[in-house]
Structures are given as structure tokens and as C-alpha cells.
Amino acid sequence: MRRIGVLALQGAFAEHISVLQRLGVEAVPVRLPGELEELEGLIIPGGESTTMSRLMTVFHLRDEIKRLAEDGLPMWGTCAGLILLAKEVDSLPDPLGVMDIGVRRNAFGRQVDSFETELPVLPLGKEPFPAVFIRAPQIDRLGSEVEVLARLTNGQVVAARENNLVATAFHPELTTDPRFHCYFLNMAKNSIKQIQQVLSPVGGEKEP
Amino acid sequence: MDKGTWMVKTGLAQMLKGGVIMDVVTAEHARIAEEAGACAVMALERVPADIRAAGGVARMADPNVILAIMKAVSIPVMAKCRIGHFVEAQILEGLGVDFIDESEVLTPADESHHIYKNDFKVPFVCGCRDLGEALRRIGEGAAMIRTKGEAGTGNIVEAVRHMRTVMDGIRRLQNMPADEIMAEAKFLGAPYELALEIHQTGRLPVVNFAAGGVATPADAALMMQLGADGIFVGSGIFKSSDPPARAKAIVAAATHYKDPSILAEVSKGLGAAMAGLDIKTIPEAELLAPRGW
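As they're listed, the protein sequences go chains C and V. Numbering of the first sequence is given in numbering that gives the first Met the number 0, commencing with residue 0 and proceeding in unit increments. Numbering of the second sequence is given in numbering that gives the first Met the number 0, commencing with residue 0 and proceeding in unit increments.
Hints were generated in silico from the structure; no laboratory data involved. Any given hint might turn out to be false.
Calculated cross-link-like contacts (lysine-lysine; reagent style DSS-like; alpha-carbon spacing at most 30 Å) [as the list claims (entries may be wrong)]: (1) C:Lys-125 <-> V:Lys-70; (2) V:Lys-267 <-> V:Lys-257; (3) C:Lys-188 <-> C:Lys-125; (4) V:Lys-70 <-> V:Lys-120; (5) C:Lys-65 <-> V:Lys-257; (6) C:Lys-65 <-> C:Lys-188; (7) V:Lys-120 <-> V:Lys-2; (8) V:Lys-70 <-> C:Lys-86; (9) V:Lys-2 <-> V:Lys-70.
Across the chosen pairs, the derived CB separations fall in these ranges [stated by the list, open to error]: (10) C:Glu-117 <-> V:Pro-259: 40 to 50 Å; (11) C:Glu-34 <-> V:Gln-224: 13 to 23 Å; (12) C:Cys-181 <-> V:Met-0: 17 to 27 Å; (13) V:Ala-271 <-> C:Thr-56: 23 to 33 Å; (14) C:Asp-89 <-> V:Asp-118: 33 to 43 Å; (15) C:His-59 <-> V:Pro-176: 47 to 57 Å; (16) C:Leu-31 <-> V:Asp-49: 35 to 45 Å; (17) C:Asp-89 <-> V:Arg-170: 43 to 53 Å.
The beta carbon of each residue, even a glycine, is placed where N, CA and C say it ideally should be.
Model the full structure from these sequences, guided by the hints.
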């Protein structure tokens with residue numbers, strides 16, 4: 000059985016764990032560095048990025064997660080997770096800084112501006128994805144290796160991938176649609192088999 | 000693009016899980032809370048212990064206090080309105096707060112009716128003492144539930160009672176044959192459809208936090224082990240002798256609530272907790288939890 004870690008410091012980690020379990024995957028809640036061992040992928044869930052960032056430092060997870068990301072472990076950040084993966088964040092002093100994107104927190108405004116929309120996500124095929132945006136961030140700078148997976152109709156980038164790292168500003172774990180989790184599990188599977196595929200886009204749009 | 004949907008309201012509550020929401024009365028408090036790892040703050044004019052001491056009528060905070068706190072931090076900001084005072088709620092929604100607490104800590108404006116929360120785009124959290132009360136509030140549109148506890152006492156006993164009572168109600172419904180759900184819904188005073196949903200899923204349809212009397216990391220971990228999804232700390236932080244240290248310790252306790260060695264570590268050297276009150280010494284008219292129904 001595949002082992003996927005879910006960072007369980009704060010936020011919607013139980014929701015990710017329950018989707019993974021429904022897909023027949025062993026989901027490991029990660030609160031301490033020892034729990035990062037022998038994972039085939041790591042999900043950093045939604046929640047408060049400032050809270051998670053602080054707890055990552057206090058409980059000595061930060062350097063180890065950074066090292067794993069740089070070593071090629073597949074990682075997926077949703078919302079706060081996206082913020083934590085980013086190299087640059089407008090109002091968070093110390094993200095993990097492993098993914099070459101610039102991020103603006105609360106880019107859509109406060110909670111009353113949170114929204115749901117049917118979002119086309121390139122690697123998930125024709126059927127749009129039920130995307131839930133909650134005080135969501137937005138990607139406003141893309142590194143040269145970063146491919147865009149989804150944009151809102153106004154062009155704002157809300158999902159992206161850079162090799163083993165994938166980030167979504169929305170919350171697939173809150174919906175009943177498991178396609179994004181399957182996409183990530185596929186990344187994890189390919190990475191374990193060390194198939195070259197993982198390094199080349201699975202149908203993403205490359206930024207010029 | 001649909002805003003203010005049930006998914007978006009309950010979704011924000013889900014993002015707060017495993018976290019600590021702290022009462023703050025100034026921008027400086029709010030920054031201390033954010034720095035300590037709070038997942039949200041509750042903007043108030045006075046913490047519950049001071050509201051209790053002051054007596055009289057407690058109302059929604061001055062919008063200037065709330066706006067200053069919203070400006071000071073990047074985490075979600077909640078604010079309280081009186082039970083049934085839907086105009087205070089409209090004002091808070093207009094200010095752009097992220098969550099409204101329709102709270103028994105303030106003096107109720109309506110003794111018969113709570114706010115019809117489905118009318119709002121902003122999500123609401125409401126207090127409860129048992130499952131029936133929780134389901135009535137969810138029926139009105141509350142996207143998040145918390146125990147009432149007895150706010151401003153630094154005494155966890157009422158929050159424990161309320162959490163155990165809610166969990167007991169859930170287990171009863173879950174284990175009951177389907178043909179007894181209607182009678183149980185009648186007994187609880189709960190909407191039948193919500194009672195039936197709990198019978199089928201074994202859980203509340205919204206996030207359930209602990210509130211009212213949390214003063215130590217051990218209190219927070221106790222509530223988490225009893226099944227709380229997260230923690231509200233009212234007076235417990237800024238009425239203690241070292242608020243930043245206590246705030247950090249309670250945040251760590253909410254994450255590592257099942258790990259006694261970490262709980263011991265974070266409980267060390269925090270200075271004096273807030274002064275506590277024995278519930279039995281409080282005159283009945285001054286109890287906050289019985290406000291609302």
C-alpha cells in the first residue's frame with residue numbers, strides 16, 4: 000500500500016486523510032520529524048499558513064521537509080500549503096521556499112469574498128473541477144520551470160506544478176471529487192518508479 | 000462564482016481545525032496572538048472575565064476596535080454580536096469580519112429567537128450545551144459550533160460537561176434504530192433531518208470547537224481528546240501573567256494533544272494562569288451559559 004504523509008499541525012488535514020483512505024492509500028498524519036520517514040508523497044493542507052509555519056519551526060520539521068522537497072519527494076500544497084511551498088510570499092516572512100512561485104495571501108479579499116466555481120484544470124481532462132476558494136491565495140509570479148495547471152476566467156493562476164511540487168489555491172479535499180488526489184497519487188507513483196515522466200509535464204501549459 | 004455558500008462557510012471553519020482562536024482587545028494583542036500561532040482572533044472590547052466583572056449590558060464592540068484588529072493581522076478575524084441581534088450581525092458583516100460569534104457572553108437581545116443565519120453571507124459560530132442546541136443553531140445556519148462552557152471563569156468544568164453531552168447525544172443517535180430517530184429529535188428539540196444525518200454519519204455536519212474556561216495547555220488537550228476540533232481561548236491568555244508564552248503553549252497543545260511528553264514540556268514555566276472561579280459560587284443570574292436556548 001502506498002504511504003502518503005499529510006502535515007497534521009493545523010487545518011484540514013483530516014479531510015485529506017479521509018480522501019486518501021477512500022482511495023485505498025495509507026495516510027500518515029505528520030506532526031513530528033520522525034513521521035516523515037518512508038513517505039512516497041506529502042500533502043500540506045489548508046489552514047492558517049502563519050500557524051503551520053510557526054509549528055514547523057518549533058517542532059523541527061522545516062529543514063527536513065525542505066530537504067525532502069529538494070530531493071524530489073512529491074509534495075502537494077493546498078491553499079495554506081501552496082503559500083508554504085512558495086519562494087516568495089507577500090506577508091509571510093519564512094515560507095519553505097522550495098517552489099519557484101510568488102504568492103499573494105488573501106488575494107481575493109476577506110471571507111465574504113470566498114467562492115466556489117467550476118474550474119477547468121488541465122491535467123484533469125475536460126470536465127471542470129468543483130473548486131472551493133476560501134480566503135485563497137493567488138500565484139502572481141511563475142518561475143521558468145513552473146507549468147500552469149489552472150487559471151480563473153480572468154487569467155489568475157490558481158494551480159501550478161514544478162517537477163515534484165504541485166500547488167492549488169483551492170481545496171479538492173472539501174469536495175467529493177477525488178480527481179486531483181488521483182493526479183497527485185499518480186505523481187507519487189511515477190516518482191517512486193523514477194520514471195522520467197515526472198519531470199515532463201502531463202499536459203500542463205508551459206509559461207513562456 | 001458563488002459567494003457565501005454553505006460549502007464556503009463550513010469550509011472556513013474546517014480550515015480553523017486543530018487551531019486556537021484567541022480573544023483580543025487591541026491590535027497589539029492581535030499581533031501577539033498571530034505571532035504565537037493563533038489560527039484566528041476574536042475582536043472584542045473586553046475579554047469575558049472583564050465583561051463578567053463589569054456587569055451591566057454587554058454589546059457588540061466599537062467598529063473602530065474591530066477594524067484596528069482586522070488591519071493588524073493577516074489571519075481571520077471574528078467578532079461577537081448579541082444573541083438575536085441581527086442588526087449587530089449586519090454591521091459586523093458590513094465591516095468585513097470573517098466569522099460572527101452569536102454569543103451568550105454578550106447580553107441577549109432576544110430571548111425567544113436566535114439570528115436566522117442563513118440570511119447572511121458571512122459564516123456564524125454559536126455556542127451549545129447539548130446536541131439539541133447545536134442542531135437548532137445549525138438549522139438556523141450556523142456553520143460552526145462551540146461549547147458554551149462558562150466564559151470568563153478559567154474553569155473548564157462546564158466546557159467538559161457540554162462537550163461530553165454533545166458527544167453522548169451523537170452516539171445515542173448513531174446507535175439508535177432508524178424508527179426511533181423522530182422521537183429522539185422531538186426529545187432533543189432538534190430538526191429531524193439533522194438528527195437523521197447524524198444517525199447516518201455519526202458526526203456533526205459542522206466543525207465543533209471547545210470554548211469557555213480554557214486556561215492551560217492541559218485544558219486545551221483535554222478538550223481535544225474529548226473530541227473538540229479546535230479551541231477558543233477567551234480570558235485565559237491575556238488574563239495570565241505571561242500571555243505570549245501561554246498562547247504559544249496552548250497552540251502547541253492543540254496540535255500535540257495526544258502526546259503527554261510534549262504537553263509536559265510546553266506546560267513548564269508559564270507563570271500564573273488566570274485567576275479561576277468556582278462555578279458554584281456564581282449567582283445563577285450571572286451565569287452566561289443558560290443564555291439562549
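Evaluated hints:
no., hint, verdict
1, C:Lys-125 <-> V:Lys-70, "41 Å, violated"
2, V:Lys-267 <-> V:Lys-257, "17 Å, holds"
3, C:Lys-188 <-> C:Lys-125, "23 Å, holds"
4, V:Lys-70 <-> V:Lys-120, "21 Å, holds"
5, C:Lys-65 <-> V:Lys-257, "26 Å, holds"
6, C:Lys-65 <-> C:Lys-188, "20 Å, holds"
7, V:Lys-120 <-> V:Lys-2, "7 Å, holds"
8, V:Lys-70 <-> C:Lys-86, "25 Å, holds"
9, V:Lys-2 <-> V:Lys-70, "23 Å, holds"
10, C:Glu-117 <-> V:Pro-259: 40 to 50 Å, "47 Å, holds"
11, C:Glu-34 <-> V:Gln-224: 13 to 23 Å, "19 Å, holds"
12, C:Cys-181 <-> V:Met-0: 17 to 27 Å, "26 Å, holds"
13, V:Ala-271 <-> C:Thr-56: 23 to 33 Å, "27 Å, holds"
14, C:Asp-89 <-> V:Asp-118: 33 to 43 Å, "34 Å, holds"
15, C:His-59 <-> V:Pro-176: 47 to 57 Å, "50 Å, holds"
16, C:Leu-31 <-> V:Asp-49: 35 to 45 Å, "38 Å, holds"
17, C:Asp-89 <-> V:Arg-170: 43 to 53 Å, "46 Å, holds"
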